[in-house]
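These protein sequence lines are chains F and C, in that order.
Going by numbering that gives the first Met the number 0, the first residue of the first sequence is number 0, and it counts up by one from there.
Going by numbering that gives the first Met the number 0, the first residue of the second sequence is number 0, and it counts up by one from there.
Worth flagging that the hints you see were computed from the coordinates, not collected in a lab.
Just to be clear, a hint being listed does not mean it is correct.
[To be verified] Think about it this way: if two alpha-carbon atoms lie no more than 25 Å apart in a straight line, the pair counts; the simulated PhoX-like pairs of lysine-lysine are:
no.	chain 1	residue 1	chain 2	residue 2
1	F	Lys134	C	Lys254
2	C	Lys187	C	Lys254
3	C	Lys92	F	Lys207
4	C	Lys158	C	Lys147
5	C	Lys158	C	Lys275
6	C	Lys281	C	Lys151
[To be verified] Where chain C lies over chain F, by a calculated footprint (3+ residues, C-beta under 8 Å):
no.	stretch
7	48-56
8	128-139
9	215-228
[Said to hold, decoys possible] Quick list of simulated restraints, FRET-style, between CB atoms:
no.	chain 1	residue 1	chain 2	residue 2	range
10	F	Asp85	C	Gly104	55 to 63 Å
11	F	Phe219	C	Gly179	30 to 38 Å
12	C	Val215	F	Phe143	30 to 38 Å
13	F	Val162	C	Thr160	25 to 33 Å
Glycine residues also receive a C-beta, built at the ideal position from the N, C-alpha and C atoms.
Given next are the chains, with one letter for each unit.
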Amino acid sequence: MATEAEEEANRPFAGLSDVSISEDIPVEGDISVPVGPSARRGGDDEFSTLDEPVKETVLRDLRAVGKKFVHVLYPKRSSALLRDWDLWGPLLLCVTLALLLQGGAADSDSQGGPQFAEVFVIVWFGSIIITLNSKLLGGTISFFQSLCVLGYCILPLTAAMAVCRIVLVASSGAVSFAVRLAVVTASFGWSTFASTAFLADSQPANRKALVVYPVFLFYFVIGWMVLTFSPSQ
Amino acid sequence: MASTNDPFQFQEFEEAGNLLEANRNATTITIEDDITKPEKQRQAAGFLSDRDDEDILASDDKTELLSGQKKSVPFWTFEYYQRLFDVETHHVKERIIGSVLPWPGKNFIHLYLRRNPDLYGPFWICTTLVFAIAISGNISNFLVHLGKPNYKYTPEFQKVTIAATAIFSYAWFVPLALWGFLLWRNNKIMNLVSYSFMEIVCVYGYSLSIYIPAVVLWILPYEWLRWCTIVVALCLSGSVLVMTFWPAVREDHPKVIIGIMSAIVVLNALLAVGCKTYFFSKPEKEPQVDNSVAREITKHPLRHEHLSFTKGSPVAL
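Next up, chain F with everything else stripped away, as it sits in the complex:
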């Protein structure tokens, strides 16, 4: 008897063998967590952007990109650029710059201006190398934040490229060269200053110059590409 009782107890779900559910009794109820009406609406807005119109999504991203452009134009030591990084702005600027650098002395000669892919490679590969350099030197900035900053700070040089093309349409003599040189130099200085305002803070004081020099070289090379653009005649 004792062994039988023990066996019964040891079998799984032993206590339920006597229970039977009649099919007449309906099982119903509400198992959702009671939530107030206002909180539910707020919850939808925060967690799900699937229902909003596409225009709003695109506009929100564009507004974020535009806000960062403004930050680059007036560089202050704010962390907004670093906190919400995105790579749309750098991509847009890189494509614009590469397109503006086309249509140059692009004869069938092998030695011409930079190809579209070359501009891309220089900008992205250069940014990656500078970011790696800054991280190896012990910087506290993250990889994509640094890419974001370096990409956004190409904005002055892209603007200078547009100005140069306009100037070249007018004339291509020594005066236009002097004007282009001044514009490119100013925008190169602006780019370097803007990016170091964001990047230099993330390095210890005795290594700041080691991080700033590659940034200087990077924008110098891009400035050189902008300055030596010569149109086909």
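We have chain F already, so just place chain C on it with the hints.
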């Protein structure tokens, strides 16, 4: 046993001895150098920053010996490469100045690297040199052909790739070959001085730093100026390399010593002259156009592309 006169100094030497016994694979410097180096520094009294060197070097020495050996990290971790960037701004500045001003008796590796080779200097000096050569070559080409009616300016970006390949192969493969050769000779001849691969790469990288101002000077289209700067730069960088590798080979067979030293200098010269020839066109003299053109063809076959370019562009226009 510590002597009562200067117990701390004696303890340092003993620690170094223990370290050497504990791990024979560690990069070694000769114990004689440790003793004789302060004397050599006192002898080179004309050098102004001697006292600064002593202070910085003494503190680096103490911190390294007191902190013990660096633990070895496998080369596929990020930390391994982070250790190669463990330099500060003033370190890099000192190393660059030390590579440009060779002083007899001052070994670059012993004095400036102090078992802390870095990859920052060599990498960025090589990159700067690549762009300096490409840009200066472009400017000098432009200046040489200025005023000629059928010359059309092109930025010539493809030359950046060629310059990069040449300079980075020099800065990487020559140290590799030298390191392998020194390792092989070390097996035959017991040498107290041995350099690690990173230290050799570091020396070669920093020794290229004199060429950056030299290349900028090559923009001016005067042949005598270009050859003068090549000779000066070659002397400075060659002597830094020779003085660095002298302690590593001086106990060897004389023929091997001469072979190694001349190989170092010749490769350096080849790089300099090759860059000058390929990237910087010679200024042609106007009244002797036919003679100089004929001479250019026979002397520099690479110049064919420049000549065919000028001939071809009227068709393109």
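Q. Of the numbered hints stated previously, which ones are contradicted by the structure, given in increasing order?
A. 1 and 7
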